[in-house]
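Protein sequence lines, in the order shown, are assigned to chains F and X. The first sequence begins at 1 in the numbering used here and counts up one residue at a time. The second sequence begins at 1001 in the numbering used here and counts up one residue at a time.
Since the hints were made in silico from the structure, they are not lab data. Just so you know, even glycine gets a beta-carbon here, dropped at the ideal spot from N, CA and C. The reader is advised that the hints may include incorrect statements.
Here are the simulated BS3-like cross-link-like pairs (lysine-lysine), alpha carbons at most 30 Å apart as the crow flies [what the hints assert, rightly or not]:
# : chain 1 : residue 1 : chain 2 : residue 2
1 : X       : 1003      : X       : 1052
2 : F       : 57        : X       : 1069
3 : X       : 1003      : X       : 1069
4 : X       : 1054      : X       : 1069
5 : X       : 1003      : F       : 57
6 : X       : 1052      : X       : 1069
Computed spacing ranges between beta-carbons, pair by pair [unchecked claim]:
#  : chain 1 : residue 1 : chain 2 : residue 2 : range
7  : X       : 1055      : F       : 65        : 36 to 44 Å
8  : X       : 1067      : F       : 80        : 41 to 49 Å
9  : X       : 1015      : F       : 67        : 48 to 56 Å
10 : X       : 1017      : F       : 84        : 38 to 46 Å
11 : F       : 98        : X       : 1021      : 24 to 32 Å
12 : F       : 84        : X       : 1030      : 33 to 41 Å
13 : F       : 113       : X       : 1106      : 23 to 31 Å
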Amino acid sequence: DAEITQSPRHKITETGRQVTLACHQTWNHNNMFWYRQDLGHGLRLIHYSYGVQDTNKGEVSDGYSVSRSNTEDLPLTLESAASSQTSVYFCASSEHRGSMRNEQFFGPGTRLTVL
Amino acid sequence: LAKTTQPISMDSYEGQEVNITCSHNNIATNDYITWYQQFPSQGPRFIIQGYKTKVTNEVASLFIPADRKSSTLSLPRVSLSDTAVYYCLVVGNFGNEKLTFGTGTRLTIIP
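Sequences are here, hints too, so could you generate the full structure?
Okay, structure coming up:
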């Protein structure tokens, strides 16, 4: 069955370190998204991609970067982790290139703690 | 991006019908209304989407009045497993939109 996976599921790191969170989907979806979820804020969009070599900034992109070298993967990199980036991170994908409207399929999440 | 307002929390008893209303006064012509459900420690899951009038699927109904400034998610005969956070989103079809889920409505089903 097609699925979307995230790794690691839990990560503890130190301030200033570079961290990469992996997201892999097997639906062959064009669109992929990264969100962060914090108490009191719901989910906020970090970055999104409508296809290979395409990346776009979301609402809270500062301190994060993504790259899309193939259809299946959209890794999220924290260049220099800060305590404010302690959060739960969700990856999602959807079909129909370029559309935000279509049903998004979410991964299980990665809980990141920055000490 | 149209701003949405929904109740922070709701309680209901098992077996009852639950209606969660979302307000979106500045919805645009090409915007659709979408609802997601999120259980603790899981990612959100799509429930239903609509543009106008009524949409029904196997888990919920979505009622949208003619002016589209609000919508109501209806969950028939809820069970304990429906305890979750429900998010209302209003979004158009194309990019450059800062898709935001907001804080949602925390629904608690009481036995």
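Hints and how they fare:
no.: 1; hint: X:1003 with X:1052; verdict: 18 Å, holds
no.: 2; hint: F:57 with X:1069; verdict: 28 Å, holds
no.: 3; hint: X:1003 with X:1069; verdict: 11 Å, holds
no.: 4; hint: X:1054 with X:1069; verdict: 14 Å, holds
no.: 5; hint: X:1003 with F:57; verdict: 20 Å, holds
no.: 6; hint: X:1052 with X:1069; verdict: 10 Å, holds
no.: 7; hint: X:1055 with F:65: 36 to 44 Å; verdict: 38 Å, holds
no.: 8; hint: X:1067 with F:80: 41 to 49 Å; verdict: 48 Å, holds
no.: 9; hint: X:1015 with F:67: 48 to 56 Å; verdict: 50 Å, holds
no.: 10; hint: X:1017 with F:84: 38 to 46 Å; verdict: 42 Å, holds
no.: 11; hint: F:98 with X:1021: 24 to 32 Å; verdict: 31 Å, holds
no.: 12; hint: F:84 with X:1030: 33 to 41 Å; verdict: 35 Å, holds
no.: 13; hint: F:113 with X:1106: 23 to 31 Å; verdict: 24 Å, holds
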